[in-house]
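J.: Now for the letters of each chain:
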Amino acid sequence: MLEIKKLNVSVEDKHILKDLSLNIGKGEIHAIMGPNGSGKSTIAHTLAGNPNYLVQSGQIEFHNKNLLELDPSDRSLLGLFLAFQYPIELPGVTNATYLKQIVNVHRKKEGLDPIDAGEFLKLLREKSKRLDIPMDMHSRFVNTGFSGGEKKKNEVLQMDLLNPSLVIMDETDSGLDVDALKSTSEAVNQLRSSDRSFIIITHYLRLLEYIEPDFVHVFQDGAIVESGDKSLASRIDQEGYAG
Amino acid sequence: MSEKILNCSLIFSDVIELEGSLTKNKINLKGEQGNFDGSIKLTDSTERLIVNLINKSDFKINLSLNIDVGPNCFLEIRDESNYDNGSEFKIESKLNKDSIFELFRLNKFNPESVNSFNHKIDLSGNCEFRDFNFSNGSQEMNSKTIISLKEKNASYIGSGAVISNSTNAKNELIINHLSKSAKSDCSFKTVSRGKSNITFSGMVFVDKDCSDTESTQISKGLVMDEEARINLIPMLDINNDDVVCAHGAASGKPDENILFYLKSRGISKEDAEKIYIEGFLGEFVDKISNDEMQKKAFNYITSIS
Chain C
6 MLEIKKLNVS VEDKHILKDL SLNIGKGEIH AIMGPNGSGK STIAHTLAGN PNYLVQSGQI
66 EFHNKNLLEL DPSDRSLLGL FLAFQYPIEL PGVTNATYLK QIVNVHRKKE GLDPIDAGEF
126 LKLLREKSKR LDIPMDMHSR FVNTGFSGGE KKKNEVLQMD LLNPSLVIMD ETDSGLDVDA
186 LKSTSEAVNQ LRSSDRSFII ITHYLRLLEY IEPDFVHVFQ DGAIVESGDK SLASRIDQEG
246 YAG
Chain X
29 MSEKILNCSL IFSDVIELEG SLTKNKINLK GEQGNFDGSI KLTDSTERLI VNLINKSDFK
89 INLSLNIDVG PNCFLEIRDE SNYDNGSEFK IESKLNKDSI FELFRLNKFN PESVNSFNHK
149 IDLSGNCEFR DFNFSNGSQE MNSKTIISLK EKNASYIGSG AVISNSTNAK NELIINHLSK
209 SAKSDCSFKT VSRGKSNITF SGMVFVDKDC SDTESTQISK GLVMDEEARI NLIPMLDINN
269 DDVVCAHGAA SGKPDENILF YLKSRGISKE DAEKIYIEGF LGEFVDKISN DEMQKKAFNY
329 ITSIS
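Line order of the protein sequences matches chains C and X. Under the numbering used here, the first residue of the first sequence is numbered 6, with each subsequent residue one higher. Under the numbering used here, the first residue of the second sequence is numbered 29, with each subsequent residue one higher.
Bound-form chain C, shown alone:
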């Protein structure tokens, strides 16, 4: 599904990703761990097409297409979803209006008519309930004044609404309390399918106890230095990256 070959990326003239290669198969869950500054978020933003992350060399193929030739919106329409570590606030636009708009953009791509108001409300109720999101949150402006946990849940809600084939979760667990982590993880687990792959970027084992990964990769200095199964995450949790 996703093939990254010898990727080199710089941010503000600083070389971050160094010859990174990684393959993600259909339905696989890959966890990426690593110390601060090792390039974890860089791979997330590079995949999503953030213009601040400059690809110097390398290739990325997603669903057999050259991802690097696509702009961020086309990447999303092709099935890629990034759950942001720091979701952006958008004052003046209510969450419900925004969510309906992104749903309709993806429906249009599939050749469907815009969702009608009643059907959208029903869908929103159902998906919000799964994440313990109160409906009144949707009448507030997008992420504006939301707590850290509310913002992260709103990311997972968008993921659920857009039905992507590749989900990149950039430290979705940070800012979540124990209960929110559990409900968010349960929602993610319900989204697991043989057609959907995940890249889960995290510092902590606790998220991976709820969402069990098939592979764990350790990032250091912009490259993968070790790969393994879930036991690798347990070892890092006990011994740290230096161990």
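The hints are simulated quantities; they were obtained by calculation from the structure and are not laboratory data. Small disclaimer: the values here were computed from a predicted structure and weren't measured. Careful, some of the hints might be misleading.
Stated by the list, open to error - Here are the simulated distance ranges between beta carbons:
(1) X:Gly222 <-> C:Asn41: 43 to 49 Å
(2) C:Glu124 <-> X:Lys125: 49 to 55 Å
(3) X:Glu60 <-> C:Arg112: 51 to 57 Å
(4) C:Lys70 <-> X:Glu255: 32 to 38 Å
(5) C:Ser179 <-> X:Asp299: 28 to 34 Å
(6) X:Asn318 <-> C:Ser144: 17 to 23 Å
(7) X:Lys32 <-> C:Ser179: 52 to 58 Å
(8) C:His68 <-> X:Glu255: 38 to 44 Å
(9) X:Asp240 <-> C:Asp18: 53 to 59 Å
(10) C:Met142 <-> X:Ser296: 25 to 31 Å
Claimed, not checked - Calculated lysine-lysine pairs in the DSSO-like style (CA-CA distance at most 27 Å, straight line):
(11) X:Lys58 <-> X:Lys69
(12) X:Lys148 <-> X:Lys58
(13) X:Lys236 <-> X:Lys211
(14) X:Lys136 <-> X:Lys281
(15) X:Lys211 <-> X:Lys69
(16) X:Lys236 <-> X:Lys122
(17) X:Lys324 <-> C:Lys105
(18) X:Lys281 <-> X:Lys198
(19) X:Lys148 <-> X:Lys172
(20) X:Lys323 <-> C:Lys105
(21) X:Lys223 <-> X:Lys198
(22) C:Lys235 <-> C:Lys10
(23) X:Lys297 <-> C:Lys70
(24) X:Lys236 <-> X:Lys178
(25) C:Lys70 <-> C:Lys114
(26) C:Lys114 <-> X:Lys297
(27) X:Lys315 <-> C:Lys105
(28) C:Lys19 <-> X:Lys281
(29) X:Lys297 <-> C:Lys105
(30) X:Lys172 <-> X:Lys315
(31) X:Lys122 <-> X:Lys148
(32) C:Lys132 <-> C:Lys31
(33) X:Lys198 <-> X:Lys315
(34) X:Lys208 <-> X:Lys236
(35) C:Lys114 <-> X:Lys302
(36) X:Lys302 <-> X:Lys281
(37) C:Lys127 <-> X:Lys323
(38) X:Lys302 <-> C:Lys105
(39) X:Lys211 <-> X:Lys180
(40) X:Lys297 <-> C:Lys113
From the three backbone atoms N, C-alpha and C, an ideal C-beta is built for every residue, glycine too.
Using the hints provided, position chain X relative to the given structure of chain C.
T.: Chain X alone, transformed into the frame defined by chain C:
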């Protein structure tokens, strides 16, 4: 103040027509071929009068209007017209004790037209003036509003937005705090596109005897194109120590992080900018407490973003 509502319309055509019947309140306007003058005088506090201005004229509209809102009276004027041939409004208003005046302008102007709006308004004790103005289009737009809060507890809340593609717009707002315990709250936003050049100058003057004054003035601008210009000039002239006055001004290009966030959800660059502008302007539509007009303001923003 009564909740009984009376709706009427003033229609600009070859002459000026009044639709709807009034009781004790009076509207006297006359003229032809776009030149109209007269007055609106409210004395009946048992009804809330809503006046809709509707432009059906083929001429430039020159309107000279005197407004007198009597004690405890309520006046609302709504102008949702398109002015294809330009407009020149001169309004002088007087609000007597405990009265309220709401003025909503959601206008679209022909891009080649020349328009001006001058409003001078005096407020007595416990009066409230609510002024919400959105304008789009126009080649030249000059707007000047002078608000004098002359007695205790007079208050003004207002928001203005200019959205333009090729406009030279000058917006001047002067708020005079001339009595103690008066309040003013002003927001101005502008979206400048193409080769537009938009200036907003806002002056808050607080006289020396005006203790317990509260005043806020925020102006923000969004520069969408390389050749677009915005000039925001906030000014304070405060002559009393017992005041709370805040002001701020900021302008710049759209936040690329927000645009990327929207695009990462499948939204095109053009639609992301549209949503951004809607959000930028929609933020202060929230200040409109009138639900119907708030909805209309949101629709207006969507139509011009």
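J.: Let me make sure I understand: some of the numbered hints might not hold for this structure. Which ones are they, in numerical order?
T.: none
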